[in-house]
Amino acid sequence: MAQAPALPTGFELPLEPRLPRIGAVDAVALEERAASLAKRSIKKDAKVFALELAIRTTDLTTLEGADTPGKVAALSSKAIRPDPSDPGIPSCAAICVYPNLVPAARERLRGTGVKVAAVATAFPSGQYPTAIKVADVRSAVELGADEIDMVIDRGAFLSGRYAKVYDEIVQVKEACGDVHLKVILETGELGTYDNVRRATLLAIAGGADFVKTSTGKINPAATLPVALCMLEAVRDVHEETGRRIGFKVAGGIRQAKQAVQHLVLVHETLGPDWLTPDLYRLGASSLLNDILMQLRKGKTGVYQSPDYFTLD
Amino acid sequence: MSELDRPPGATPAAPRDWTYAPAPESRDVVRIAERYGHFVGGQWLEAAETYETISPSSEEPLALVGQGTEQDVDAAVGAARSAFANGWSALPGSERAKYLFRIARILQERSRELAVLESLNGGKPIKESRDVDLPLAAAHFFYYAGWADKLEYAFANRRPRPVGVAGQIIPWNFPLLMLAWKIAPALAAGNTVVLKPSHTTPLTALLFCDVLRQAELPPGVVNIVTGYGSTGAALVKHKDVDKIAFTGSTEVGKWIQSEVAGSGKRLTLELGGKAANIVFDDCALDQAVEGIVNGIYFNQGEVCCAGSRLFVQESIYEPLIAKLKRRLATLRVGDPLDKNTDVGAINSREQLEKIASLVQSGVDEGAEIYQPPCRLPEKGFWFAPTVFTNVAQSYRIAQEEIFGPVLSVLTFRTPEEAVEKANNTPYGLSAGVWTEKGSRILWMAQRLRAGVVWANTFNRFDPTSPFGGYKESGFGREGGRHGLEGYLRFDE
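Chains A and B are the protein sequences, given in the same order.
Just so you know, the working numbering puts 47 at position 37 of the first sequence, and the rest follows in order with no gaps.
Just so you know, the working numbering puts 489 at position 488 of the second sequence, and the rest follows in order with no gaps.
Mixed in with the good hints there might be a few duds.
Stated by the list, open to error - Mimicking BS3-like on lysine-lysine, the simulated pairs with C-alpha atoms at most 27 Å apart in a straight line are:
#1 B:LYS380 / A:LYS53
#2 A:LYS54 / B:LYS151
#3 A:LYS49 / B:LYS240
#4 A:LYS267 / B:LYS380
#5 A:LYS227 / A:LYS53
#6 B:LYS340 / A:LYS57
#7 A:LYS309 / B:LYS380
#8 B:LYS326 / A:LYS54
#9 A:LYS49 / B:LYS340
Unchecked claim - Restraint ranges, calculated between C-beta atoms of paired labels, are given here:
#10 A:GLY201 / B:ALA456: 47 to 55 Å
#11 A:SER149 / B:TYR371: 53 to 61 Å
#12 B:ASP29 / A:LYS309: 45 to 53 Å
If you are wondering where the hints come from, they were derived from the structure by calculation, not from laboratory data.
Computed from a predicted structure; not experimentally measured.
Built from N, CA and C at the ideal position, the CB exists for glycine as well.
Throw the hints in and build the complete structure from the sequences for me.
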């Protein structure tokens with residue numbers, strides 16, 4: 011399926027739509043820039059804006075072998091009303107679960123505007139035959155998922171079989187139909203920022219609606235430099251083709267402060283247009299309560315005990 | 002892509018714009034006296050004449066500072082001579098090191114206070130004084146403290162001896178950091194010093210006197226006399242000064258060199274620059290843009306080694322300029338004490354006028370000017386980040402040092418052409434090369450006539466690395482083992 015090498019050796023892409031050159035990433039300078047943006051001091055109203063935005067863009071996630079319909083229903087309720095004592099707190103963007111739990115989430119979320127995202131394609135390893143991965147996606151769609159979070163085949167990517175990675179994304183995209191596709195690169199396994207950039211462009215060429223950093227099962231996950239590297243690729247695609255690709259950061263974001271740093275990165279790299287759940291998502295679980303705690307502190311001036319925030 | 006619809010009313014509507022709230026660093030951490038004298042022989046010497054030093058971001062008066070006279074300079078040199086003769090030069094290196102280590106640690110402990118004062122008096126963003134000036138100033142003292150008892154090993158079989166009394170004149174762009182660059186190696190080598198800070202930024206040097214008191218440095222080892230150029234001239238002309246170290250403009254440097262000629266004084270000069278920042282088409286583009294921005298807008302471009310001439314390979318000219326312009330629009334210009342400020346105030350009205358007149362010459366000569374939309378404060382001295390495209394080698398903005406946030410963009414086709422154009426300047430302080438190709442970095446570095454060549458980075462400083470110029474950018478090196486040589490004589 012992959013065709014017409016429009017870019018340097020080994021990197022096969024269709025000629026249309028046009029994509030930016032792959033180019034290179036300088037690790038030292040990238041990390042420096044990310045570190046300098048992380049030092050932005052976000053206070054008062056700006057902080058409240060960021061924290062509420064973080065909630066609005068959160069994909070509240072549970073991806074455990076022990077997940078049950080009961081647990082997912084509870085988490086779904088949390089996504090609808092993260093803080094029952096404060097109606098001013100917005101809902102999360104979505105719930106992110108394994109395919110088997112989609113119906114449970116769907117039932118609780120019906121009519122609320124909170125989406126159901128399912129991980130698929132032999133998440134998290136992706137080490138299964140393509141046919142099984144595509145079938146996995148089809149069944150998740152049939153079960154009612156609004157969004158699919160797929161993983162790329164890192165084994166193929168790291169051995170230079172980019173065409174295989176690309177073909178799989180294309181097939182998954184077909185299987186998704188109108189369902190929204192997020193492509194997880196699992197950057198913690200890619201080794202270099204050059205690879206992160208290459209995989210980002212490959213995923214976008216394959217038809218990703220969103221590119222996503224990590225599964226959350228591998229460390230390191232969503233580091234700031236990795237996020238910056240992917241955001242810059244998304245920006246290049248937008249400049250060259252006009253396509254707006256979404257970005258999801260996931261894995262290891264547990265504190266409100268980290269979430270704010272990630273939002274600053276998006277704000278200063280892609281601009282305010284990307285600060286919406288349509289184009290930005292934060293995959294997290296324990297993060298939400300820390301944000302709620304910070305918001306409550308902002309309103310009351312004191313930190314409340316964790317017992318005042320529900321564990322779901 | 003498919004739009005994700007959210008049913009209305011399910012969740013509170015999202016507000017539109019994210020404006021960062023002001024995040025000013027508190028001024029309360031630093032206490033500024035109403036009036037300062039000169040620091041001579043460990044005492045404050047009442048100044049007969051004073052002038053007002055202001056904050057360039059608000060034009061608010063900060064303090065009255067002494068205008069050093071010939072008598073003040075003479076007293077300071079006398080104190081330095083007596084401290085040199087009566088103990089300091091004979092002190093074992095390990096003892097001198099103790100004082101330097103102490104000063105370094107106190108600088109770290111009081112870094113917030115000094116950073117706030119630096120930004121207040123000089124106009125630079127607090128994030129730079131906090132993250133660059135102060136850590137580097139402390140690092141210089143730490144580094145040269147380490148050399149103090151190892152001079153015989155640094156210059157094996159050459160019997161290094163201190164020179165005597167060093168007269169040091171420093172500029173306003175990095176007041177405390179330049180003070181550290183000057184004082185640390187001088188003291189490590191066993192000299193005593195008389196330092197004259199710039200007239201626009203004397204306050205951190207004066208607060209540094211309190212650091213010296215805390216460190217219990219013997220009186221007279223460091224003396225500080227403030228004032229305008231005439232004070233510096235008195236120091237240059239003083240008969241009992243053994244060495245002059247000057248950082249500043251090429252014009253003043255030339256005058257100092259002619260003045261010192263034949264006097265037997267040693268001299269090191271670190272003068273102006275018009276650095277070439279050379280970007281090849283195989284570079285990491287986004288990071289090169291960051292480097293360009295850091296190269297010319299760091300410290301409002303008031304950096305002698307600023308990358309003020311950008312040479313872009315023609316094959317990536319358009320995407321690079323587009324990226325650069327977009328990046329410029331995200332620079333936050335404003336209150337130097339705000340932690341989110343990227344570009345602060347111009348140091349003085351005089352400097353602002355100089356920048357404005359050179360920028361006007363660029364417009365008049367036919368270059369295309371770009372400035373991002375940004376609202377500059379009404380009071381104080383401000384200049385928007387500026388890029389000139391369509392610049393020819395012959396324009397003044399490509400030839401003269403502007404010392405402001407103004408970038409001139411030129412193009413080249415081949416590496417040979419880049420080297421030729423980059424070297425085609427009377428200056429030679431620094432240069433930058435951006436390419437992913439290692440062999441090309443080395444090829445370029447061998448051919449660029451500049452004291453520092455940065456590869457895939459810019460404006461990076463380290464006390465271990467010698468810094469200094471070719472041609473009209475001066476001579477002598479500061480930093481590293483080389484930085485000691487200017488403060489030592491060798492009896493061979």
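Verification of the hints:
no., hint, verdict
1, B:LYS380 / A:LYS53, "25 Å, holds"
2, A:LYS54 / B:LYS151, "52 Å, violated"
3, A:LYS49 / B:LYS240, "50 Å, violated"
4, A:LYS267 / B:LYS380, "34 Å, violated"
5, A:LYS227 / A:LYS53, "32 Å, violated"
6, B:LYS340 / A:LYS57, "15 Å, holds"
7, A:LYS309 / B:LYS380, "35 Å, violated"
8, B:LYS326 / A:LYS54, "30 Å, violated"
9, A:LYS49 / B:LYS340, "8 Å, holds"
10, A:GLY201 / B:ALA456: 47 to 55 Å, "23 Å, violated"
11, A:SER149 / B:TYR371: 53 to 61 Å, "54 Å, holds"
12, B:ASP29 / A:LYS309: 45 to 53 Å, "27 Å, violated"
Checked against the numbered hints above, the structure violates hints 2, 3, 4, 5, 7, 8, 10, 12; every other hint is satisfied.
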